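Please arrange chain B on chain A, whose structure you already have, making use of the hints.
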Amino acid sequence: MTKKNPVLTSRQIFIPIAALLLLALFNLAVDPSFFKITLGRNSAGDPVLTGYLMTILDYGSEVAILAIGMTLVTAACGGQDISVGAAVAIAGSVILRVLVGIGGDGTLQAPILVGFLAACVVSMLFGAFNGVLVAVFRIQPMVATLILYTAGRSIAAWINNNELPIVTDKSFTYFGGFIPGIPIPTPFFLAVVCIVIALLALRYTTLGLYTQAVGINASSSRLNGLNPAFIKWLSFVILGLCVAVVGLIKTSRLSTINYSVIAKDIEMDAILAVALGGNVLSGGKFNIMASIVGAYVIQFLTTTLYKFNVSSDALPAYKAVVVILLVVLSAPAVKDKLMNLAKRQKGVG
Amino acid sequence: MKKRTIAVMLTAAMAAASLAGCGGSNTGATQAAASTAAASEGATEAEKAEAPEEKAEEPAAAEAPADGELIKVGIINNDPNESGYRTANDADLKAMFTKEKGYDASFAYSLKNDEQITAAQKFIQDEVDYLLLSAADTSGWDSVLKDAQDAGIGVILFDRTIDASEDLYLASIVSDMAKEGETAVNWLASQELDQYNIIHIQGVMGSAAQQGRTGALDEKVAAEDSWTLVTQQTAEWNSEKAQQIVQSVIDSGTSFNVIYAENDDMAKGAVAALDKANISHGVGKDVIIMGFDCNKWALQELLDQNWNYDGQCNPFQAKYIDEVIKKVENGEALAEKVIIMDEKGFDATTITEDDVNNYGI
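Line by line, the protein sequences are chains A and B.
Residue numbers 1 to 349, in the working numbering, belong to the letters of the first sequence in order.
Residue numbers 1001 to 1361, in the working numbering, belong to the letters of the second sequence in order.
Isolated chain A, as found in the complex (with noise of 0.2 Å):
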């Protein structure tokens, strides 16, 4: 480690960002292919652009949207939120009710938006459950939302009385896919949209300080005049929200729904991209971006992992190898060692 530039290095996007150029460089070194992109034409007869990075784009944005809700939730919360795989599956099944309807022939009884909202009401209100339980009843987190996390699936099924309702409109396929005349993944659109509203809010609201500060020391921000409960309660609905955008996500890929494997351990990227970023997974400083750009180095990896023809049930293997590797780093015994060793290196240069 040398410490030529000590003020980037330091900063907590460095690591995310160094961990996709290590993976970029690889690719690079191994085969270049990795990074061509071809416009071509997708049966509908609409141009997209395809090749790897337009994947890594694509399947990437769905953790980076739930990456957002999970940085706030880890902040403010010192936890993490392990139920949003099963509360995707219930928004996704909260579109299909209302958009298709039971024992419906596939054709949209409802404009799509009116779907949309809806799944964001309904996951703000299992997003406020679970912060209920955590900010008012002093739940810990991981605990409070493996009540949703067992029982979400169930009740997604239930929403749709076990039908697994088929959109047949081709409309609905533009979230998940392209919409026609723009070759870029639509996925990626709705990703930035949530990004710029997240900084948007994180700057011109007082939400990022109060938050950090809640996650710090509750007490003494409770002491300061915050309402600490309030502010957990809101990063869980705010995490309600990117819920539902996944969920429309989801859905949309494949015009259905499958309860059981929908969106199934995507808790587990969206808490590795948190922890990629460099955010104490404690609670307390955040930094949004790093997070982001966590959820793209995860599916990064991913998809490099897939193109060698790594076996897919090996995948989580690797992960865990990554999320090892951070969280010893990030433990503050090695962090001091480290930074001791750093110090003692300058002084001899």
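Think of the hints as simulated: they come from the structure by calculation, not from any bench.
All values reported here derive from a predicted model rather than from experimental measurement.
It cannot be assumed that every hint is accurate.
Said to hold, decoys possible - Using 20 Å as the maximum straight-line C-alpha spacing, the simulated SDA-like pairs for lysine to any residue come out as follows:
hint: 1; chain 1: A; residue 1: Lys-307; chain 2: B; residue 2: Gln-1232
hint: 2; chain 1: A; residue 1: Lys-170; chain 2: B; residue 2: Glu-1336
hint: 3; chain 1: B; residue 1: Lys-1296; chain 2: A; residue 2: Asp-105
hint: 4; chain 1: B; residue 1: Lys-1326; chain 2: B; residue 2: Glu-1336
hint: 5; chain 1: A; residue 1: Lys-307; chain 2: B; residue 2: Thr-1228
To be verified - Computed footprint of chain A on chain B; a stretch qualifies when at least three of its residues, placed anywhere within it, have a C-beta under 8 Å from a C-beta of chain A:
hint: 6; region: 1114-1124
hint: 7; region: 1233-1239
hint: 8; region: 1246-1255
Said to hold, decoys possible - One-sided and incomplete, this derived list gives chain A residues near chain B with beta-carbon spacing under 7 Å:
hint: 9; residue: Thr-38
hint: 10; residue: Arg-41
hint: 11; residue: Asn-42
hint: 12; residue: Ile-166
C-beta atoms are modelled at their ideal positions from N, C-alpha and C, and glycine is treated no differently.
Just chain B now, with coordinates in the frame of chain A:
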């Protein structure tokens, strides 16, 4: 400081959990794999199993006991919410074991073995005549089945086999997954392509459905020079994962002409990736699409010539169970203990509207 340590530990535990999960499916551990096996046996609309219902009606109505004495059956099944396969299975059983057809049926559902065993004990206390069982797990059934035998209760297994002595049950009605795979591979061979470049998308590793459907294809690929696997990956019955796997092959520019997906959901995901890249698929097109489970929507895809083949995994066991019970009641001997159900493979060029309605689940 303390808080931080807890967070670190929890994250590490999570990482370990994901590792463990992966190991489990690799070794084909019966517990996790078996329950997910049928759990994701494809899924579709929770349509009632109309066809077998109608078929079953005739013999049952004729043989309904005149004296009004009902045969008491206790049915232990997996949770019908688990998958479309299970929903169809449950609907089929419910349609068969009714008062009108001479049965007094009680149902118990669980995906957990211990809860199922408790339910079995309760049924034994209730003195049912027959215990029908689709076990969540293969082991742990010996003692309770012995109790049933001592109480003079006939046990009939359906859908899942268990690791217990054959003496403990009357009959076992199951699907032959290896045969499903063979039928599919034979169909594929009959297409007589010059070169088979196959994308093989597998189910949850170690599950019976995956092993059976993979085995036949693996054998054929090893035996024939013109058959190659472009990629062989598990998508764990998950359509999104299948989509990513196929997307990755398309991105790499490798050519392929067959997609062999071990259930309909994964075939659907694969097709979504093909559509995005404008690769034609279906009858007479560039890529042959194969799926399993015969979901109604999947058979519709066959009828529309978008897919080429779909292999059946028969959830309609009620008719077979009914036959077994009738035989035992009449004092006839059963020809065989393990009854393997008829399972078809549908070809897009020959499938009819009636097939979709009769065999779709």
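Count the residues of the region 1114-1124 of chain B with a beta-carbon closer than 8 Å to any beta-carbon of chain A: does the count reach three?
-> violated (count 0)
Are the Cα positions of Lys-1296 of chain B and Asp-105 of chain A separated by 20 Å at most?
-> holds, 13 Å
Restraint satisfaction for Ile-166 of chain A [CB to CB of chain B, less than 7 Å] | holds, 6 Å
Hint consistency between Lys-1326 of chain B and Glu-1336 of chain B [alpha-carbon to alpha-carbon, up to 20 Å] | holds, 15 Å
Decide if the proposed pair is consistent with the structure: Lys-170 of chain A and Glu-1336 of chain B, CA atoms, cutoff 20 Å inclusive.
-> Judged against 20 Å, a Cα distance of about 51 Å means the pair is violated.
Within the assertion that chain A covers the region 1246-1255 of chain B, do at least three residues meet a Cβ-to-Cβ distance smaller than 8 Å?
-> holds (count 6)
Go through the hint on Thr-38 of chain A and say holds or violated, using the shortest Cβ distance to chain B against 7 Å.
-> violated, 9 Å
For the pair supplied as a hint, Lys-307 of chain A and Thr-1228 of chain B, confirm whether the alpha-carbon distance does not exceed 20 Å.
-> Given pair Lys-307 of chain A, Thr-1228 of chain B holds - Cα atoms ~18 Å apart, limit 20 Å.
With a cut-off of 7 Å on the beta carbons, see whether Asn-42 of chain A makes it to chain B.
-> holds, 5 Å
Straight-line alpha-carbon gap Lys-307 of chain A to Gln-1232 of chain B, limit 20 Å | holds, 12 Å
Take the region 1233-1239 of chain B, compare each residue's beta carbon with every beta carbon of chain A, and decide whether three or more fall closer than 8 Å.
-> Since three or more residues must qualify, the claim that chain A covers the region 1233-1239 of chain B holds, with 7 doing so at under 8 Å.
Restraint outcome when Arg-41 of chain A is required to lie within 7 Å of chain B by C-beta distance | holds, 5 Å
Of the numbered hints listed earlier, those contradicted by the structure are 2, 6 and 9.
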